[in-house]
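Work out the full structure: start from the sequences and follow the hints.
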Amino acid sequence: MLSRRSVLAASAALLAARAGAADGPLRFGVIADPQYAEAPPNLTLGRYYANSLDKMRAAVDALNGEDLRFVVTLGDIIDRDVASYDRILPIYQTLRHETRFLLGNHDFEVAPEHRGRVPGLLGMEGPYYDFVVAGIRFIVLDGNDVSLFAPLPGDPRRTLAAERLEQAKAAGLVNAKPWNGSLSESQFAWLERRLAAARTAGERVVVLNHYPVAPENPHNLWDAGRLASLLAGQPHVIAYFNGHNHAGNYAERDGIHYVNFHGMVDTPDSSAFAVVEIAGDRLEIRGFGREPSRSLTLKTA
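Residues -21 to -1, 1 to 280 in mature numbering (1 follows the signal peptide of the UniProt record, and there is no 0) are what the sequence shown spells out, letter by letter.
Please note that the accuracy of each hint is not assured.
[As the list claims (entries may be wrong)] Here are the simulated distance ranges between beta carbons:
(1) GLU92 <-> ARG36: 25 to 33 Å
(2) PRO135 <-> HIS93: 17 to 25 Å
(3) GLU263 <-> ARG232: 14 to 22 Å
(4) GLU145 <-> ALA168: 19 to 27 Å
No lab work stands behind these hints, which were simulated from the structure alone.
Think of the CB as a built atom: it goes at the ideal place given N, C-alpha and C, for glycine as much as any other residue.
This is how it looks when you write it as structure tokens:
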């Protein structure tokens, strides 16, 4: 199994080398839902799990030809089985850019004894964290925090997840689905502290999560309304990027661009990934494959 050190070593050296680079547009790569597994395709859902290795190799080739500060994958690196990480992570190691991950629901489709290891296998410092690049703070959330699949049996968060799902069903919410999740109270408190820190530092914020919160969709975080309400009151939050809904989506709420990136795993041979550029009052998304390009105006804080 790949170690945290082996995943991060090259990226850390590259990041240090770039720390003193001249200011300019911030450019980074985005990948959503490779969802690799050495398994037959699900023809009903249109998911071709094994094909994601070749798609990832092609995406790495394209992204290595770009001048980027990092590449982030918005969750669901694998579809199932901890051994799948051994096949796809070496491809990520061929990226010449810093590599960032966040957690999706399928990343926990492993035996219970491996679930607690997943963040470490991906070289993550924790299930949620933040980092700053070129004056923009990226806040990485863990929408699996309170869910039916990430916490181990006996964990109070699993019981809380069952209660939240039943409450969502009783309220008739379209996202009352067992494959979604939510944030714990401690993660909400942490998020508020990181937003305040960014505001004090004069940083703009991009929030990253596997789960969408807008527009309304069956794939949304169970507490999508609460999270969107919190972000609406933060004038320095400019965008929210997610995966999970493989069909992609977009909404603008309170000056925040909610961009749902398409799933790479879908279709036998058409990929999906993007290069994002943030400069001044513009957010430009250059899509590859099924990912559409977008040119968006940013609000002023």
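Right, here's what the structure says about each hint:
1. A hinted range of 25 to 33 Å for the beta carbons of GLU92 and ARG36 is consistent with their spacing of about 31 Å.
2. For PRO135 and HIS93, the hinted distance range of 17 to 25 Å is satisfied, since their beta carbons lie about 21 Å from each other.
3. At roughly 20 Å, the beta-carbon separation of GLU263 and ARG232 lies within the given 14 to 22 Å, and the hint holds.
4. At about 24 Å, the beta-carbon gap between GLU145 and ALA168 stays in the expected band of 19 to 27 Å.
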